[in-house]
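Enquirer: As you go down the protein sequences, you meet chains A and B in turn.
Counted the way the working numbering counts, the first sequence spans residues 1 to 65.
Counted the way the working numbering counts, the second sequence spans residues 1 to 536.
In case anyone wonders, no lab produced these hints; they're calculated from the structure.
Values in this document were obtained by computation on a predicted structure and should not be read as measured data.
Some hints here could point you the wrong way.
Distance condition first, Cα-Cα at most 16 Å in a straight line; then the derived EDC-like pairs of lysine to aspartate or glutamate [as the list claims (entries may be wrong)]:
#1 K2(A) to D520(B)
#2 K32(A) to E514(B)
#3 K2(A) to D523(B)
#4 K2(A) to D516(B)
#5 K379(B) to E40(B)
#6 K225(B) to D5(A)
#7 K108(B) to D516(B)
#8 K108(B) to D507(B)
#9 K108(B) to E522(B)
#10 K2(A) to E40(B)
The following residues of chain B were derived to be distant from chain A, with all beta-carbon distances above 12 Å [what the hints assert, rightly or not]:
#11 E40
#12 W51
#13 P164
#14 G212
#15 G288
#16 L329
#17 Y364
#18 Q368
#19 K379
#20 L404
#21 L490
#22 V491
#23 A494
Partial chain B-side listing against chain A, Cβ under 10 Å, derived [what the hints assert, rightly or not]:
#24 I100
#25 I199
#26 K209
By construction, the Cβ of each residue, glycine as well, lies at the ideal position given by its N, Cα and C atoms.
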Amino acid sequence: MKRTDRSPWNALLLIPIVLPLLTFVYNRETPKLFGFPFFFWFQLLFAPLAVLVSVSAFYLSRKKA
Amino acid sequence: MHVTELWITIVLFAAVTVMGFAAASWRRAHDGPHLESLDEWSLAGRKFGSWIGWFMLGGDLYTAYTFVAVPALLYGTGALGFYAIPYTAIEYPMVFLILIRLWSVCRKHGYVTPADYVRGRFGSPTLALAVAVTGVVATMPYIALNLIGIQAVLSVIGLSGHWPLIIAFAVLAAFTYRSGLRAPALIAFAKDALVYLMIVIAIIYIPAKVGGWGHIFTAANAHFKAVPPHTGGLLTSSNQLTYATLAFGSAAAIFLYPHAITGMLSTRSREVVKRSIAWLPVYSIVLGLIALLGVVALAAHVKPLVSNGKANTNTIIPGLFEQVFPHWLAGIAFATIIIGALVPSAVMSIAAANLFTRNIYKEYLRRQADDAEQARVSKITSLAVKVGAILFILLLQPQFSINLQLIGGVIILQTLPAVFVGLYTSWPHRAGLLCGWAAGMVTGVWMLYVTPNPAAKQAHWGGSSFAFSHLGMHTSVALYTGFVAVVVNLVVVAAVSVIAKAFRVPDGVDATAEEDYFTDEEDVTAPAVPPEVALA
Numbered sequence: 001m002k003r004t005d006r007s008p009w010n011a012l013l014l015i016p017i018v019l020p021l022l023t024f025v026y027n028r029e030t031p032k033l034f035g036f037p038f039f040f041w042f043q044l045l046f047a048p049l050a051v052l053v054s055v056s057a058f059y060l061s062r063k064k065a
Numbered sequence: 001m002h003v004t005e006l007w008i009t010i011v012l013f014a015a016v017t018v019m020g021f022a023a024a025s026w027r028r029a030h031d032g033p034h035l036e037s038l039d040e041w042s043l044a045g046r047k048f049g050s051w052i053g054w055f056m057l058g059g060d061l062y063t064a065y066t067f068v069a070v071p072a073l074l075y076g077t078g079a080l081g082f083y084a085i086p087y088t089a090i091e092y093p094m095v096f097l098i099l100i101r102l103w104s105v106c107r108k109h110g111y112v113t114p115a116d117y118v119r120g121r122f123g124s125p126t127l128a129l130a131v132a133v134t135g136v137v138a139t140m141p142y143i144a145l146n147l148i149g150i151q152a153v154l155s156v157i158g159l160s161g162h163w164p165l166i167i168a169f170a171v172l173a174a175f176t177y178r179s180g181l182r183a184p185a186l187i188a189f190a191k192d193a194l195v196y197l198m199i200v201i202a203i204i205y206i207p208a209k210v211g212g213w214g215h216i217f218t219a220a221n222a223h224f225k226a227v228p229p230h231t232g233g234l235l236t237s238s239n240q241l242t243y244a245t246l247a248f249g250s251a252a253a254i255f256l257y258p259h260a261i262t263g264m265l266s267t268r269s270r271e272v273v274k275r276s277i278a279w280l281p282v283y284s285i286v287l288g289l290i291a292l293l294g295v296v297a298l299a300a301h302v303k304p305l306v307s308n309g310k311a312n313t314n315t316i317i318p319g320l321f322e323q324v325f326p327h328w329l330a331g332i333a334f335a336t337i338i339i340g341a342l343v344p345s346a347v348m349s350i351a352a353a354n355l356f357t358r359n360i361y362k363e364y365l366r367r368q369a370d371d372a373e374q375a376r377v378s379k380i381t382s383l384a385v386k387v388g389a390i391l392f393i394l395l396l397q398p399q400f401s402i403n404l405q406l407i408g409g410v411i412i413l414q415t416l417p418a419v420f421v422g423l424y425t426s427w428p429h430r431a432g433l434l435c436g437w438a439a440g441m442v443t444g445v446w447m448l449y450v451t452p453n454p455a456a457k458q459a460h461w462g463g464s465s466f467a468f469s470h471l472g473m474h475t476s477v478a479l480y481t482g483f484v485a486v487v488v489n490l491v492v493v494a495a496v497s498v499i500a501k502a503f504r505v506p507d508g509v510d511a512t513a514e515e516d517y518f519t520d521e522e523d524v525t526a527p528a529v530p531p532e533v534a535l536a
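With these hints in hand, go ahead and build the complete structure from the sequences.
Expert: Okay, here's the thing in structure tokens:
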């Protein structure tokens, strides 16, 4: 059987790659959170987002195999 | 002199030293202290599982220099310096699928370095040499910068002179020589535990002392409005593209570094690679919090130490700890930074030594070198690499290492077509890849050279964003230099490959087959270690 790494779930990985590159989305002061400007608190969410999506992609694509 | 801090640092350093030496027999069941192959010495037998893999890669990739330089960047340049956050968040999803292919083909053919792989894929020792030399040149200043991280701490403690630094590095060299990759892998547990502990304490304790996050950001905002270029707390319209390309280019570059590939290759299976990579952004959460300490340092009015008339912003994080922490806590924080420098320095010196051994020594000097001889050469070279890094610090201005590391990031990216693109297609001609590499190197270094830094009064090597106005264009657009250089590289690769194929220039023979890129744990028929050891 021919092996492959292909899985539709891999497309999920595009979200945590593309979103952090769109500076116009987060280059703003407000809304603030706990005194953090939007620019800072929003970007701090990128890493947890990357974990969430990559771990999901890992398990979802594994189940299929 | 801060005596409490000094003693705590010495005690923790001593504990880690014991771990480093003891690691030689860690997860090894048989035959004494000799680690007589590169698979054993430099890849710890290629059998690390997910936990060790995750800790080790985290300890390897997040260097002491990262921990002092990223907040220093935020302190110095404001919002633009925060690009390290998107960079370290996107790097893992970007390589998630790429690295398993690299792992498989390296496992199948016993490749130890990225240059080994390029040699096999494109049948060109010359191209492999280019990749190897690029790796060594990019890695050396990186090791030197970790020394700068240690030195920043030592100078805040109040130790002058170079001897403490030399002792620390001599100890590191000794246990790396003896234990190979097992030493940094074991120490990574201690390092990472300390890092997580310190950052939780720092992020709760310090802002409250300084007046809360609201006050901190207001103060930082006011500061960046007052000093040129008067940007305030956000990106300007002209540096948004710089920010995005810096993040993207740096993320594409990080897993081309030899030390990152060495760490990745020490894992047991594709699944371990995937699981470790999936969880690694957890470290980026920590880095984000550490980065913010740069803004905190501004609000706390921490001033960098001045040496040779130049303000060294790398001292602001140790300086902040010294200013707000009680002595004992500052001591633990300082030890954390120093131990944090040991793990990546060890892996980097192993990776650089392997490049020399495999792609220069064995390729060009002694074809018949067997496993034991290669391990011996690598062990000795790893010592030489560390002596070289020390000489960087003793003989040259720190600024020189910083410039070189800047260049390192740009040039390592020039191995992307051969290494990463090569994983998906063998279409590029070896002559095309070599010409593309050369073109990327030359344009990259030239762009860095012509970039000034008015704030630091430097005419050259002023930063890694290239302003297109240098090409006579009337525009304020600036992009990450490495990004521009690798685009030039890829265009040349494609153009020369088409020409070379049209003129039927002989191409290299591909030693890899498509199924090699899916090799997994259970496919490797001749295990690198006897089964009874693998079970232990």
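Enquirer: For this structure, which hints from the list above don't hold up?
Expert: Result: hints 2, 6, 8, 10, 14, 15, 25, 26 break, sorted rising.
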